[in-house]
Amino acid sequence: MTDYRMTPLEGYRPFPGPVVAIIMDGMGIGSRDERDGVHSAYTPVLDSLADEPLQCQLQAHGLAVGLPDDGDMGNSEVGHNALGGGRVFAQGARLVNEALASGAVFRGAAWQQVLARAGAGGTVHFLGLLSDGNVHSHIDQLFALLRGCALAGVARVRLHTLLDGRDVAQRSALHYLDRLEEELAALAGVGHDYRIASGGGRMVTTMDRYNADWRVVERGWRAHVLGEGRPFPSAAAAVTVFYAEDPEMTDQYMPPFVVADAAGPVGTIEDGDAVVLFNFRGDRAIQISRAFEEEGFAEFERGRWPQVFFAGIMQYDGDALIPKNFLVEPPAISGTLGQYLCAAGVTSYAIAETQKFGHVTYFWNGNRSGYIDAELELYEEIPSDRLAFDLRPWMKAAEITDRVVAQIALGRHKFIRLNFANGDMVGHTGVVPAIRIAVATVDLCLQRVLRAVRKAGGVALITADHGNADCMWTEKNGAIVPMVAHTLNPVPCLVKDYSGDGANSFALSGVERPGLANVAATLCTLLGFTPPAEYEPSLLRLRLP
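Following this note's numbering, the numbering of the sequence shown begins with 237 at its first residue and continues without gaps.
These aren't lab readings, by the way, just hints derived from the structure by calculation.
Predicted model, so just to flag it, every value in this text is computed and none were measured.
Where hints are given, some of them may not hold.
Here are the computed lysine to any residue pairs in the SDA-like style, where the Cα-Cα straight-line distance is at most 25 Å [stated by the list, open to error]: (1) Lys560 x Ala356; (2) Lys650 x Ala380; (3) Lys732 x Pro768; (4) Lys691 x Arg648; (5) Lys560 x Ser267; (6) Lys560 x Phe545; (7) Lys650 x Leu686; (8) Lys691 x Glu635; (9) Lys650 x Pro244; (10) Lys732 x Pro669; (11) Lys732 x Val747.
Label-pair ranges, simulated between beta-carbon atoms [unchecked claim]: (12) Arg622 x Ser570: 31 to 37 Å; (13) Gly339 x Asp638: 51 to 57 Å; (14) Ala424 x Leu744: 30 to 36 Å; (15) Asp507 x Glu770: 26 to 32 Å; (16) Glu481 x Lys691: 33 to 39 Å; (17) Gln683 x Thr766: 30 to 36 Å; (18) Arg241 x Val717: 51 to 57 Å; (19) Asn713 x Ala424: 44 to 50 Å; (20) Gln683 x Arg249: 25 to 31 Å; (21) Ala610 x Arg639: 43 to 49 Å; (22) Pro250 x Asp638: 23 to 29 Å; (23) Ser570 x Val477: 47 to 53 Å; (24) Glu611 x Gly357: 32 to 38 Å; (25) Glu506 x Gly307: 37 to 43 Å.
All residues carry an ideal CB built from backbone N, CA and C; glycine is no exception.
Kindly produce the complete structure, drawing on both the sequences and the hints.
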């Protein structure tokens, strides 16, 4: 059994209050002009912290969070893996790219099962997000899988394409559908029947997360599996009509649709078929995986439960084994901050609203569900609103703050972590007034949390997991284009010490080009422990008298 004990930090003096890590989701450091929703919002608290000595900027994208290169935007999943894991791990996109390039995917047992279903007359279905956002999926990975089918002689393939408009431009679906149709045409040899069968926008079709709204998954099930939905002769025709009917329609909110011909839907999912979910990120893949795999499934009425071979491109929950079959091994993350703190007997509290609850628990803990030690930990989820986030940009920040302030006053937990989802979830909408309200909401709540930390005699660490609200639009050919994706900007990391009477004297340690993975060791330092040797170094050092 692994020994996760830590050595006490020499010269450290305990203080009465907690160490509180505040994650301002999606609030990076932008251009500091009117495009920057963090800079242009009313943020007196963040402004007042601008000259604090214990602060730096952290890299939160690309290689710093385990993605293939520095052109890849960060996201909440890899960000929280790095924050809680203390190291940089090869993440989903990189793992899948490597497995496809080496051919390991096509040698694996799961792929052989897919081919066996095809060989017995079944259809191979690919379901996932169609874009090159590289947050949940990448279209090039789908193309590699399609080519693998063609080389193996698979006769019939159907695509169930979820439209992005969130990690890429808002109305870019036709671009990706055109690319996919070109690829399918190139593969259309003798005996190859490869077609798009259904689709819909990711926020209303299939890709719900954290059990926020199972109706999203049900809509996808009815379109992909049962062939129920508004029919169109092609996916591109569906998108074109939806754009024409609603000039404000964006891809992520596009209704589900079904591709049909004179005989009806062209690609329902039937007994004996194989289904591959090609999203590599786990949070929005778990619920649809459950719908395919669970015999006693009760979240909605499936109508028909086809007996298929179902596989994810990765396993999305290693503890719950969802799904049972997968093409690529997930990153192995052990020795998380939570494991070390539990071994040291440190009590902790984690809270977020539904949209980010799994990030401060599952992803923070190295892609593991549940408690590490229920005797020492308390996790609390605040249910998110079930509507577009620009309509209530304050989201559940006040409720989260209420609970955190109460927990600080109780004094039961030495380490507290919380996530304010506003900057990310509202940032994805591209609605400028709502984004500024979202950021101002976080600032107002931050003031309340810091007051509670000061009253208790604790220390606060304020950071973010990636950028988003820090760039609300770009200019293209003289026109303003909403920016709804994450950014490549750095994020802040600031430590505010309220421990009183100079209990400890901290200074920046001088880490060069720090990233999110340095935060775990920094929290160890603030809690009075020498960070584990395998961690990226602490951003702080203890100055001894």
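Verification of the supplied hints:
At roughly 22 Å between alpha-carbon atoms, Lys560 and Ala356 fall within 25 Å of each other, so this suggested pair holds. Annotation: proposed proximity of Lys650 to Ala380 is violated, straight-line Cα distance about 48 Å (limit 25 Å). The suggested pairing of Lys732 with Pro768 holds, with an alpha-carbon distance near 23 Å, which does not exceed 25 Å. This hinted pair checks out: Lys691 and Arg648 have alpha carbons roughly 15 Å apart, not beyond 25 Å.
Between Lys560 and Ser267 the alpha-carbon distance is near 45 Å, which puts this suggested pair outside the 25 Å criterion. In summary, the hint linking Lys560 to Phe545 is supported, as the alpha carbons are separated by about 10 Å, within the 25 Å threshold. Taking the CA atoms of Lys650 and Leu686, the gap is about 15 Å. The hint holds against a cut of 25 Å. At roughly 20 Å between alpha-carbon atoms, Lys691 and Glu635 fall within 25 Å of each other, so this suggested pair holds.
At roughly 15 Å between alpha-carbon atoms, Lys650 and Pro244 fall within 25 Å of each other, so this suggested pair holds. Under the criterion of a C-alpha separation no larger than 25 Å, the hint pairing Lys732 with Pro669 is inconsistent with the structure, at around 30 Å. Between Lys732 and Val747 the CA atoms are separated by roughly 19 Å; this keeps the pair inside 25 Å, and the hint holds. Under the hint 31 to 37 Å, the C-beta atoms of Arg622 and Ser570, about 36 Å apart, fit the expected range.
Separated by about 53 Å at the C-beta atoms, Gly339 and Asp638 satisfy the suggested range of 51 to 57 Å. At roughly 59 Å, the beta carbons of Ala424 and Leu744 sit outside the given window of 30 to 36 Å. Between Asp507 and Glu770 the beta carbons are some 48 Å apart, a value that contradicts the proposed interval 26 to 32 Å. A C-beta distance of roughly 55 Å is found between Glu481 and Lys691, which places it outside the suggested range of 33 to 39 Å.
The hint said 30 to 36 Å for the Cβ distance between Gln683 and Thr766, and at roughly 33 Å that hint holds. Hint check: Arg241 to Val717, Cβ distance near 52 Å, so the stated range 51 to 57 Å holds. Checked against the hint of 44 to 50 Å, the pair Asn713 and Ala424 fails, with Cβ atoms roughly 36 Å apart. Remark: the range hint 25 to 31 Å for Gln683 to Arg249 is upheld by a beta-carbon distance near 28 Å.
Taking the beta carbon of each, Ala610 and Arg639 are about 18 Å apart, not inside 43 to 49 Å as hinted. Distance hint check: the CB atoms of Pro250 and Asp638 are about 28 Å apart, consistent with the given range 23 to 29 Å. Look at Ser570 against Val477: about 50 Å separates their beta carbons, and that is inside 47 to 53 Å. Distance hint check for Glu611 and Gly357: the Cβ-Cβ separation is about 54 Å, which falls outside the suggested range of 32 to 38 Å.
A hinted range of 37 to 43 Å for the beta carbons of Glu506 and Gly307 is consistent with their spacing of about 40 Å.
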